[in-house]
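Take the given structure of chain A and dock chain B to it, following the hints.
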Amino acid sequence: MTGAGWGFLKHGVLALLLVAVVPVAAAGDRPASAWLEQLGPALNMTSYRGVFVYARGGRVHSMQVAHRYVDGMVQERLVLQDGGAGEIVRRGMDVVCVLPRQGKFRLDQVIPSGPFAQASASSLMPVNRWYRSDLVGEDRIAGYDAVIVALTARDAYRYSHRLWLEKNTGLLVKRDVGEAGGPPLEHFQFTSLEITGDIPDSELEVQTQGQVVTRSSGDTNTGQPAEAVGRMAGWQLGWRPQGFVPAVAPGTGTGQAIAFSDGIAAFSVFVEPEGAVKMPRGASRIGATTVYMRELTVAGKPFLVTVVGEVPPKTARQVADSVRVEDAQALSAGKL
Amino acid sequence: MDDRLRETLSAMMDDEADELSVRRLLSHDDQPEVLRQWQRWQQVRDLVHSGQSQMDSIDVCAGVRAVLDGHPEQARPGPAETGRPRTGRWQWPAAAMMVLALLIGFGAGAGWGPVDNALPEPLSVAQPESVPSPYGSVQVADEVAMQGLDPAQWEYMSRYLLEHAQHNSVGVGQGSVGYARLVSASGGGY
Chain A
1 MTGAGWGFLK
11 HGVLALLLVA
21 VVPVAAAGDR
31 PASAWLEQLG
41 PALNMTSYRG
51 VFVYARGGRV
61 HSMQVAHRYV
71 DGMVQERLVL
81 QDGGAGEIVR
91 RGMDVVCVLP
101 RQGKFRLDQV
111 IPSGPFAQAS
121 ASSLMPVNRW
131 YRSDLVGEDR
141 IAGYDAVIVA
151 LTARDAYRYS
161 HRLWLEKNTG
171 LLVKRDVGEA
181 GGPPLEHFQF
191 TSLEITGDIP
201 DSELEVQTQG
211 QVVTRSSGDT
221 NTGQPAEAVG
231 RMAGWQLGWR
241 PQGFVPAVAP
251 GTGTGQAIAF
261 SDGIAAFSVF
271 VEPEGAVKMP
281 RGASRIGATT
291 VYMRELTVAG
301 KPFLVTVVGE
311 VPPKTARQVA
321 DSVRVEDAQA
331 LSAGKL
Chain B
337 MDDRLRETLS
347 AMMDDEADEL
357 SVRRLLSHDD
367 QPEVLRQWQR
377 WQQVRDLVHS
387 GQSQMDSIDV
397 CAGVRAVLDG
407 HPEQARPGPA
417 ETGRPRTGRW
427 QWPAAAMMVL
437 ALLIGFGAGA
447 GWGPVDNALP
457 EPLSVAQPES
467 VPSPYGSVQV
477 ADEVAMQGLD
487 PAQWEYMSRY
497 LLEHAQHNSV
507 GVGQGSVGYA
517 RLVSASGGGY
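The listed protein sequences derive, respectively, from chains A and B.
Quick note on my numbering: the first sequence kicks off at 1 and runs consecutively.
Quick note on my numbering: the second sequence kicks off at 337 and runs consecutively.
If you're looking for bench data, these hints aren't it; they were derived computationally from the structure.
Virtual Cβ for every residue (Gly too), placed ideally from N, Cα, C.
Be careful, since some hints might not be right.
Claimed, not checked - Simulated restraints, written as ranges between beta carbons of each label pair:
| hint | chain 1 | residue 1 | chain 2 | residue 2 | range |
| --- | --- | --- | --- | --- | --- |
| 1 | B | E369 | A | G181 | 31 to 39 Å |
| 2 | B | V358 | A | W239 | 56 to 64 Å |
| 3 | A | V70 | B | E355 | 18 to 26 Å |
| 4 | B | D365 | A | K167 | 47 to 55 Å |
Extracted from the complex, chain A is given alone in its bound form (with noise of 0.2 Å):
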């Protein structure tokens, strides 16, 4: 569906930014920190197949999505319904990204080498430490049933979510994520979905024409993620919310990039020598996503800090302002 049409629903998202509504009565027998448990487990071992929509800030998107977990591995295909073509496939501990001059990826750039992590950080992390976790009754998404939890952040430095979990295996089906007490700020939905364990493999191949950039995620030498903390190169982050710990080694090449997370929400942090492009300073924000840039001169030479996730303006601001330079050699001689 393209065109008003989405144009249409995406609409009726705003729509819903606009209004309140009392809560629903809590429903099911599991309490909401069992359903948190299974969300990361579900989302890497559940297989199926459908089609799932992303709205925020004025934008709706589409994708088409086919995931599989075979052997202990990961098998994910995804392939954007709107603008130029394109699709992403996993496998394991490599991506192949095919995608279309939009954005101008130069992927042989920006696919990092990060790990895989083939289990989610969300199910080891303490999460009700950092949110309020309820179970806020029953919905029906993509014909399946599904519980709602909601957790509201205990603190302003991240946002509060809300999850629709498949009932039979806890996939997650839809989000919204907002600061608390306030509308969504982004919303993620599957609008048809089949969950099998039939999917073959001709629906895990790259079959868009186009530029292919493939490359592996895992250590070169062992075949093992990086060890995130080593990235910190030259650099420190004297500040961060509390509950977000390294969660894995964003692979730039530069080894100057590091991301935290507290088992729902994430932010990266990325720390390089100011390069030609002069970026501006400040924060932008696309629904729920924040990116926060600013200038650092150690030993008269600039930096840049950036602070990209799914966090609030003034979280990812002190989060940058806490960033201290060590070594500025080092971290100079890490751009590669």
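Chain B in isolation, oriented as in the chain A frame:
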């Protein structure tokens, strides 16, 4: 009317609905509701695309302003008396009608709302804990519109967005959402 029927209706507006979907829509039990939804969307589309609709003559500007200001509506001169061009007068009714149409036409769930099929609810509120930061209170950051970036800046920014998408999708276990965010940020879509 469920989500699928709404999608079909939406596709019909684009002249892209398949025959099977249209048949299902036409066999829906509540045809009056389908008709009302269709009419509402047509009105909204007319407003958006051509600036004309059956409700064009209704000026709700004063009423909306009064509600926003919390004051009772006051008599105001008509367009002829103000001498303002018609296009200037158009803006407010269009915006107001969009809001009304959205609330009426889409507010009843539209598949995006909560389970009670009525109105969406805000994300719940918890009393924020006071977590001290060594950096004290931080003012609201300056906002930079990504749309204002030049191509070189955007390419630079997109590298960060893609990497973050990667982290979200695999490292944090959020599956496909990370890539959806990337696509959303990079343009396209509706």
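Can you list which hints this structure breaks, lowest number first? Hints 3 and 4 contradicted; others consistent.
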